[in-house]
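Here are the chains, one letter per residue:
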Amino acid sequence: MSEKNTHLPGTPLSEKDFQDGNILFNHDRLRGDFAWDTGIAIGSYLAGMKDGVILGGRCDTCRKTVVPPRTVCEWCFRPMSGYVPLRDTGTVNTYSLGYVTWDVKRIEEPEIPAVIEIDGASPLHGIMHLLAEVDPEDVHIGMRVQAVWKSPEERQGAVTDILYFKPIEEEENDSSRA
Amino acid sequence: MTLLERDPNAPKSMLGDLPVVSRYTFGLAGERFFRAIKDSGRIMGSRCPDCDRIYVPATIFCERCLGEIDEWVDVGTSGVVQTFTLLYENYDGTYRETPEVIAFVQLGDGGLIHRLDEIAHEEVTIGMKVEAVLKSEEERVGSILDITHFRPIRK
Numbered sequence: 033m034s035e036k037n038t039h040l041p042g043t044p045l046s047e048k049d050f051q052d053g054n055i056l057f058n059h060d061r062l063r064g065d066f067a068w069d070t071g072i073a074i075g076s077y078l079a080g081m082k083d084g085v086i087l088g089g090r091c092d093t094c095r096k097t098v099v100p101p102r103t104v105c106e107w108c109f110r111p112m113s114g115y116v117p118l119r120d121t122g123t124v125n126t127y128s129l130g131y132v133t134w135d136v137k138r139i140e141e142p143e144i145p146a147v148i149e150i151d152g153a154s155p156l157h158g159i160m161h162l163l164a165e166v167d168p169e170d171v172h173i174g175m176r177v178q179a180v181w182k183s184p185e186e187r188q189g190a191v192t193d194i195l196y197f198k199p200i201e202e203e204e205n206d207s208s209r210a
Numbered sequence: 688m689t690l691l692e693r694d695p696n697a698p699k700s701m702l703g704d705l706p707v708v709s710r711y712t713f714g715l716a717g718e719r720f721f722r723a724i725k726d727s728g729r730i731m732g733s734r735c736p737d738c739d740r741i742y743v744p745a746t747i748f749c750e751r752c753l754g755e756i757d758e759w760v761d762v763g764t765s766g767v768v769q770t771f772t773l774l775y776e777n778y779d780g781t782y783r784e785t786p787e788v789i790a791f792v793q794l795g796d797g798g799l800i801h802r803l804d805e806i807a808h809e810e811v812t813i814g815m816k817v818e819a820v821l822k823s824e825e826e827r828v829g830s831i832l833d834i835t836h837f838r839p840i841r842k
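Which chain is which? The protein sequence lines are A and B, in order. For this note's numbering, count along the first sequence from 1 and bump the result up by 32. For this note's numbering, count along the second sequence from 1 and bump the result up by 687.
What the hints contain is simulated information worked out from the structure, not anything from laboratory work. Keep in mind the model is a prediction, meaning the values are calculated, not measured.
Straight line, CA to CA, 30 Å or less: simulated DSBU-like cross-link-like pairs of lysine-lysine:
(1) A:K48 / B:K822
(2) A:K198 / A:K82
(3) A:K82 / B:K699
(4) B:K725 / A:K48
Build out the structure end to end from the sequences listed, making use of the hints.
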């Protein structure tokens, strides 16, 4: 905006104007209810979550294992060969420290969303989830983590059946690493 | 199980809702228009002296000549049904046995879209004279619903 414009058009309002009744207004709340169809592959993935298993999808043609599973291979466009159970451990591929919540409230302790490459899936294939039980200072790319699940009774077939991933200690060249 | 079959144990859908809230202010003319309804129970229009038109609800400019308007007139609370429609569905999509009548009531050279009540829906006609029924002064908050409905003027 030009510096010459000293007078701005419009009627500025403050929160106080609303509270003091200086201005008339309507409050409204739109109904934004939705149902999101899980589809075939994600449905099976979520059913697996309920059983405490992270399912991947395997294409034998491309020798690729993806997570979450899909019905069609994104490389050869053929139907995937089947589901494969993966381990609930993995490696941090990338992460972020979030000091605001989804509805933009400041928080002291950051939320740590991370992409976790799941053991058993092809390299660079992972899911996004939260990290916890860790000092934000200590989080690093390449950190080994394991899922912390809800109790079997509490699981409802959602990605939130995994509460978060926590760091694990393991030796270098551990054979459990796929 | 093949990859082309739905797992019968799988959740079919994930449910959620979007928290969308809004606060709407009425603007310069709207503020004055609803103030008049709230404080004195009057429906105000604005008159363009060049075009000799009375806009209801009141506006701050003439949409014909685009000139500014500062002449406000009380257009009264009675008008004429210009057109109407019968609603057989509630807001949530459920069926209504007796329809709600929504009419465009001419006031000045404009008018308001509002509910018609205190009349059987078979008897509503275009050209019918109706009057606004307002809430009591204490109940009015400065909203179009401060007018609860329009009803026919019976002589």
